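Given the coordinates of chain A, work out where chain B should sit on it, guided by the hints.
Chains as they are written, first to last, in our numbering: chain A, 2 to 270; chain B, 140 to 388.
Since the hints were derived computationally from the structure, they do not count as laboratory data.
Computed from a prediction, not measured in an experiment: that's the story for all the values here.
A couple of the hints might just be wrong.
Have a look at the derived ranges for each label pair, beta carbon to beta carbon [what the hints assert, rightly or not]:
(1) B:Val232 x A:Met115: 46 to 54 Å
(2) B:Glu341 x A:Phe209: 49 to 57 Å
(3) A:Ala264 x B:Cys338: 56 to 64 Å
(4) B:Glu341 x A:Ser79: 38 to 46 Å
(5) A:Trp145 x B:Asp217: 40 to 48 Å
(6) A:His94 x B:Gln287: 39 to 47 Å
(7) B:Thr149 x A:Ser266: 52 to 60 Å
(8) A:Thr211 x B:Ser195: 42 to 50 Å
(9) B:Arg206 x A:Asp7: 37 to 45 Å
(10) B:Lys253 x A:Leu139: 42 to 50 Å
To give a feel for the contact side, a few chain A residues facing chain B, derived at Cβ under 8 Å [what the hints assert, rightly or not]:
(11) Ala163
(12) Arg207
(13) Thr211
Glycine included, each C-beta is placed from N, C-alpha and C at the ideal position.
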Amino acid sequence: MTFLDDFMIRAALAGIGVAFAAAPLGCFVVWRRMAYFGDATAHASILGVALALTFDVSIFSGVLVTALLMASTISTLSGRGYAMDTLLGVLAHSALAFGLVAVSFLQGVRVDLMAYLFGDILAVSRGDLAVVWSGALLVISLMWWRWSSLLTATLNPELAQASGINPQREQLVLTLALAVVVAVAIKVVGVLLIAAMLLIPAATARIFSTTPERMAFLAVLIGCGSVIGGMYMSFSADTPTGPTIVSTGTALFAAASLVAVIARSLRRP
Amino acid sequence: MRLVTLRQATIRHSGAPALENVDFHIDKGEIVTILGPNGSGKSTLLRAIIRAIPLSAGTLERAENLRIGYVPQKLHIDPTLPLTVERFLSLPVRISPDEAEAALSDAGASGLRKRQMTGLSGGQMQRVLLARALLSKPDLLILDEATQGLDQPGSAAFYQKIETVRQQFGCAVLMVSHELHVVMAASDRVICLNGHVCCEGEPAQVASAPEYQALFGTGTLGALALYRHEHDHSHDCDHDHVGKGHEHA
Chain A
2 MTFLDDFMIR
12 AALAGIGVAF
22 AAAPLGCFVV
32 WRRMAYFGDA
42 TAHASILGVA
52 LALTFDVSIF
62 SGVLVTALLM
72 ASTISTLSGR
82 GYAMDTLLGV
92 LAHSALAFGL
102 VAVSFLQGVR
112 VDLMAYLFGD
122 ILAVSRGDLA
132 VVWSGALLVI
142 SLMWWRWSSL
152 LTATLNPELA
162 QASGINPQRE
172 QLVLTLALAV
182 VVAVAIKVVG
192 VLLIAAMLLI
202 PAATARIFST
212 TPERMAFLAV
222 LIGCGSVIGG
232 MYMSFSADTP
242 TGPTIVSTGT
252 ALFAAASLVA
262 VIARSLRRP
Chain B
140 MRLVTLRQAT
150 IRHSGAPALE
160 NVDFHIDKGE
170 IVTILGPNGS
180 GKSTLLRAII
190 RAIPLSAGTL
200 ERAENLRIGY
210 VPQKLHIDPT
220 LPLTVERFLS
230 LPVRISPDEA
240 EAALSDAGAS
250 GLRKRQMTGL
260 SGGQMQRVLL
270 ARALLSKPDL
280 LILDEATQGL
290 DQPGSAAFYQ
300 KIETVRQQFG
310 CAVLMVSHEL
320 HVVMAASDRV
330 ICLNGHVCCE
340 GEPAQVASAP
350 EYQALFGTGT
360 LGALALYRHE
370 HDHSHDCDHD
380 HVGKGHEHA
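Isolated chain A, as found in the complex (with noise of 0.2 Å):
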């Protein structure tokens, strides 16, 4: 049974982990409209990736650092007079591009490059699973903990407010779960598609909910349909696991959207 073997069991489960943390985390970022956001942040972990190796320590510490920095940033310089979308568009695309350049500048070690971009899933050692984990319950337990107050914060700030909520708190929240996703998720599905892990459960989701706590919680298992669904295509037809995965999750929505629209045309005679 190939499906046994150890390092699909270690991929597998580390690819579940980072659904279970990476889809109510992405219920919020579709609900406030922070799509763009952790794609910057997501971007930004390049830029870790060069630090972390040329300063000799863990790519998750140099990840963590950096996607707490940009999404800070972000949240300081956002009503500053720059119009949101393009911050963030000149923040995403500039941190890729110096992320890039700095990798370039290391000498003596060999980066493997596409690894970082598009995840390597199949070589999760038991020491990384450990960190996506430790990283997945970490987020997990701040979402349930701050559940009632984010959703009220997302709702309306005032609503917040009046309610003895201080909404800038429940920002940082997001916004240190955020970091903790992108950096576990790197090794997983790589820089470029952590975003797709956030957005697209949560989005397929949306159509079957009718409360938010049953969007989070469908989030996760269309998370990690996708995630075991994608790895068995990857294995069967040879293609890269990372962007597989993304693939079969996208699917999903496709057809979750698809089978939506018939039912509402059916209902309407």
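Below, chain B alone, put in the same frame as chain A:
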């Protein structure tokens, strides 16, 4: 009992003062209405009271454990966020379906519990927002132009509901309104704001002001009459000028 006191409050938005040296207070059970042109700092004042923006100078005192029910101007809900009315009422504190139903019926919105928030009409939405504000058993109900986007009979009915709610809950009400006739009928005190407090007093004092009489002619009685008749007919455009008129008051 004093619920909220502002002394010499100044609030600056990127340098320019939105409010300057404002003295304000509201007592238990009182209905206070704030009037003023656009950009006069009405919403800023409300946001300062709920501590959404800090004061640049002056002081804000709130009664201990003051419970505030806040009804925003309007609530935009992103269509990607699935939310039933029942779930909305449970934010941030979980409540039982019975409590939800009771709050909705207090606010005149029974039967909406299972509906999606994004599918509500303007009037239904405002009543659901009111229901949520009532759930905390507020000492002070704050309404920021809560009837914007409602037609005249709709907003008259909404304000009648507010009056009922005040009697039932004994809470103070602080509201921003564009509808002078409602103000005249329902407020204990009116504050005219334009970056600072222009004038304040009982509605009768404001009603005797020359500007007010030029606009309405009939004085408070006429305004009350309008207020009482409004919900009888739904295509009433006689007092379209009311909303615009108050900007000169």
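Taking the hints in turn, this is what the structure says about them:
no., hint, result
1, B:Val232 x A:Met115: 46 to 54 Å, "49 Å, holds"
2, B:Glu341 x A:Phe209: 49 to 57 Å, "56 Å, holds"
3, A:Ala264 x B:Cys338: 56 to 64 Å, "59 Å, holds"
4, B:Glu341 x A:Ser79: 38 to 46 Å, "45 Å, holds"
5, A:Trp145 x B:Asp217: 40 to 48 Å, "22 Å, violated"
6, A:His94 x B:Gln287: 39 to 47 Å, "40 Å, holds"
7, B:Thr149 x A:Ser266: 52 to 60 Å, "58 Å, holds"
8, A:Thr211 x B:Ser195: 42 to 50 Å, "44 Å, holds"
9, B:Arg206 x A:Asp7: 37 to 45 Å, "58 Å, violated"
10, B:Lys253 x A:Leu139: 42 to 50 Å, "35 Å, violated"
11, Ala163, "3 Å, holds"
12, Arg207, "6 Å, holds"
13, Thr211, "5 Å, holds"
The structure shown violates the earlier hints numbered 5, 9, 10.
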